[in-house]
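Going line by line, the protein sequences match chains F and P.
Going by this note's numbering, the first sequence opens with residue 1, and the numbers climb by one from there.
Going by this note's numbering, the second sequence opens with residue 1001, and the numbers climb by one from there.
No wet-lab data here; the hints were simulated from the structure.
A portion of the hints provided could be inaccurate.
Unchecked claim - Ranges between beta-carbon positions, derived for each pair: (1) F:V435 - P:D1522: 54 to 64 Å; (2) P:T1214 - F:E323: 41 to 51 Å; (3) F:Q290 - P:K1545: 29 to 39 Å; (4) F:D53 - P:M1451: 26 to 36 Å; (5) F:Q129 - P:K1545: 43 to 53 Å; (6) F:V435 - P:Q1109: 48 to 58 Å; (7) P:K1545 - F:D294: 37 to 47 Å.
Keep in mind it's a predicted model, so treat the numbers as computed, not measured.
Each residue gets a CB set at the ideal place from its N, CA and C atoms; glycine is no exception.
Number of protein chains: 2
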Amino acid sequence: MSIERLIYLPLGGAGEIGMNCYVYGYGRPEAERLIVVDLGVTFPDMDGSPGVDLILPDVTWLIERKDRIEAVFITHAHEDHLGALAHLYDQLGRPPVYARAFTANLGRQKMDEHSHDPKAIKTVSKWPQMTAAGPFNVGFVPISHSIPESSGLVIDTPAGRIIHTGDFKIDENPGVGEPFDRALWAEIAAGGVKALVCDSTNIFSPLPGRSESTIGGNIEALVAGAKGRVVATTFASNVARLKTLAEAGDRAGRSICLMGRAMRRMVDAAVETGVLTSFPTVIAPEDAAQLPRDNIMLIVTGSQGERRAASAQLAAGKYNGIELKDGDLFLFSSRTIPGNEKGVIKIMNQLSEKGVDVVDDAGGLYHVSGHANRPDLEEMHAIIRPQILIPMHGEHRHLREHARLGAARGLQSIVAVNGMIVALDGNAPKVAGYVETGRTYLDGRVLIGAMDGVVRDRIRMALNGHVMVNVILDENHEPLGEPWCEIRGLAETGRSKAPLVEVLEADLDQWLKRASDKVLKDDDKVEEALKRVTRQTALDEIGKKPEVTVVISRLT
Amino acid sequence: MSIERLIYLPLGGAGEIGMNCYVYGYGRPEAERLIVVDLGVTFPDMDGSPGVDLILPDVTWLIERKDRIEAVFITHAHEDHLGALAHLYDQLGRPPVYARAFTANLGRQKMDEHSHDPKAIKTVSKWPQMTAAGPFNVGFVPISHSIPESSGLVIDTPAGRIIHTGDFKIDENPGVGEPFDRALWAEIAAGGVKALVCDSTNIFSPLPGRSESTIGGNIEALVAGAKGRVVATTFASNVARLKTLAEAGDRAGRSICLMGRAMRRMVDAAVETGVLTSFPTVIAPEDAAQLPRDNIMLIVTGSQGERRAASAQLAAGKYNGIELKDGDLFLFSSRTIPGNEKGVIKIMNQLSEKGVDVVDDAGGLYHVSGHANRPDLEEMHAIIRPQILIPMHGEHRHLREHARLGAARGLQSIVAVNGMIVALDGNAPKVAGYVETGRTYLDGRVLIGAMDGVVRDRIRMALNGHVMVNVILDENHEPLGEPWCEIRGLAETGRSKAPLVEVLEADLDQWLKRASDKVLKDDDKVEEALKRVTRQTALDEIGKKPEVTVVISRLT
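Use the sequences and the hints to build the structure in full.
Here it is in structure tokens:
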């Protein structure tokens, strides 16, 4: 096993949509030199991760091999590709990080917020510039997506060329940024491609994807016909969409106001890096509030119903001096990501209560996806003609369907999920091992493992409520006074109509009075018994088995 | 104000989809005789109601007037129309309940489970039979929906005829149950209709609705082409769909097996009441496990991703002796209700990991909605030609859009939301007052108000974690020993790398040692201070502000 090998190892993003992190290695087994493509986050929810701030991939495997990391390459600035970098930078041994100008600009702000040297992120030019990183040579090839300067990576290795698409769509007229360049990709692939590691998000969308340019007219017509205020929301990072929206407002004689920190940050970064060369003049919210309703268009954050974003605030009441009312128009120029439906619907109904007309993308008129649909993926396969196809950026069902599509076209395809080491140096991909992967939670300011039990305990308290039992035992192991209960998140009275705490205290007291000296000497036994009594009494009284914390204080 | 009036008062279902409860009254103001149409539930979720078992409408207003309730009428057996009856029956003073045979059959099972007399529900025949209830005369007119024997109600009052559609679609070929009968509805409306109170669910669906009969061929073709096991899931109550699915399996030479308690209950009720006259022979799960894979079709519960239902169990592993594998087919003959996406997607991915092919209704081939689309609603308006249109069964945006549609056609329309008393005796609907409404939670076995704070406390523990602080003070108000902390749902260590509980205990001890005698005498002041210290220390250490419970024990 001393011959060198080329490996692919996804640590996030393969088997889920979110927290992308892909590792490539080349060298002797267990001594490969490594590069990391993307370090993203995914977002918590009440169901599985209440109170958590961010979810990061568990990169323990990488941390243990940090001396072998040559570099990190960030394909684009979406949070699910860039968001974990600053959080994990130290633990990964502060490797060199490479990105194009727009991505680097946003990444540096995050590094700065975490007190890292912003210069750790080096700006690279697009293909044909290549960056050497150990045995790898990496080039950033412009590819169309829903954020500026997205790049597919050309990763040249001693075992051949890999194309890592990053997130992409085929758009020849993306508005802002670089069009998809078939000829360039064909030229890059002409010498033969070992493996295409390819976005799978929209594998189940059967029709060819639509260009960003197809919706401008629809948006313009909608805004032109509006009589009151116009508000539009979309992903802050979709700079092309922001421009489309702003220009529609501008043409309708409306002043443009951007609301939400993320949106202003994105536009600033796009202007600073030269990505955005023209954009209508933007006015401040306080000025917008002074203008007649039919002279203003707001472009705001919060298209996914995020509680603190501008959309939610405007729906709930007055925000930045602006209150929407009867006859105003609110456009969701976006798609609702699964799981966010309730938040978005809540906003729509709040707006409806104010008399605001809500327009969403139900008809496909005001939004296009940033990912390649099934026919587009087939086209990409045909352009690149790789030996091996590795679907990425998808749930298991997406990866599997994408692999089947590739196999049907004669490509060596594999469903490679997080933690699977795939050797790519042979003629077909080969599973070479598995590593532990998972999720790391940023909880407040602390990183905790998803399986540490901390969040599981919070979920249990949310489902079952919590009883705290206090007992004081004296020098002779005799109860001093009666046990004391506090409840949180439980009904105050149940079956017996007496306060639940009183019933609990009476039952616990009875147990204590009957318990033998031998038992009362033993904290573990007392705790176990008091928990059991508490759960049983609560079950009888209110039909719930609560979480119980027992505190035994001994006077010695 | 001594003249009699006719009022409409929604207590649930108007401003939300779920927990339907509509009240009609006739008589002198504040002395109206009342009837209740439907008493439904809605389902809890982790976001807003963790640990809650069911959500019921808050019917305090009705309970306070229970001596004025003449009867309850249940339009159909869906949980959001029938599910709260047994829970609220006693509090409402055990009024007479009327329903058609299938609905009554299912309702009686629920009444029995709650130890109520099942005979309290009286079976009524369909129109033209009428049931007198005080000043009202109520008839059940068959109307097509997605459960057998759904009915629109004709409610005759001294102030005119009301048509309360219940949930409906226009389906002339529903498979099981009665087709939509245009001529009958026209005849019923011929003498003039005061108000049409009308389902609004699908107001945003622009195309005419499709008949249940349009999908049979698609399902049959899919099942006929399957090589391994076939599993199909749909709403258990959609008896027509169960039949369509079972017949498709039967024709493909497969034995049919129903899995999930709700599904067997529905089919039994449909057979017992004569609703279902033919259904392929059904075999038991243990027999199904013995059959070759291509000889079996399972029809299972859990189309919404419910964790304990058959779909989730089959996706997670072996269930009833059956384990799905590579080459099996799983059909979602259903739509995912907003909010349930993550659960459904989880199942799809688990199935994908087993190699099972998942087919959903993305293309509209295998499911049709049970509600009238926009053009169907327009047709209903045209058939009934009411003086007044009151949209119901919808979120605010649905009610508003439906009212606009009616107004555009010259109908007196009103957006009447939960708690709004609308007087219907004049020529136009008039808001006559508002009553307090809301939600009641069934939590374990106890009914609690949604605003009581119990569930809010559970949500806070889930978001913030929980610290319990124990202090013992002696006769002189001096701390006896050091304070004691327990944490639940919080990281064990933070910034200082020392255990969080130890840092908390040290800071609390320091405060106690510095506190004056005057402060230590006062439980409230001690509690407030210890909470403040705990929150501040936790914020410094781990970046979170936990919930805190302080227990002060005084030795006296």
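Going back to the hint list, which numbers does this structure go against? Of the numbered hints, all hold.
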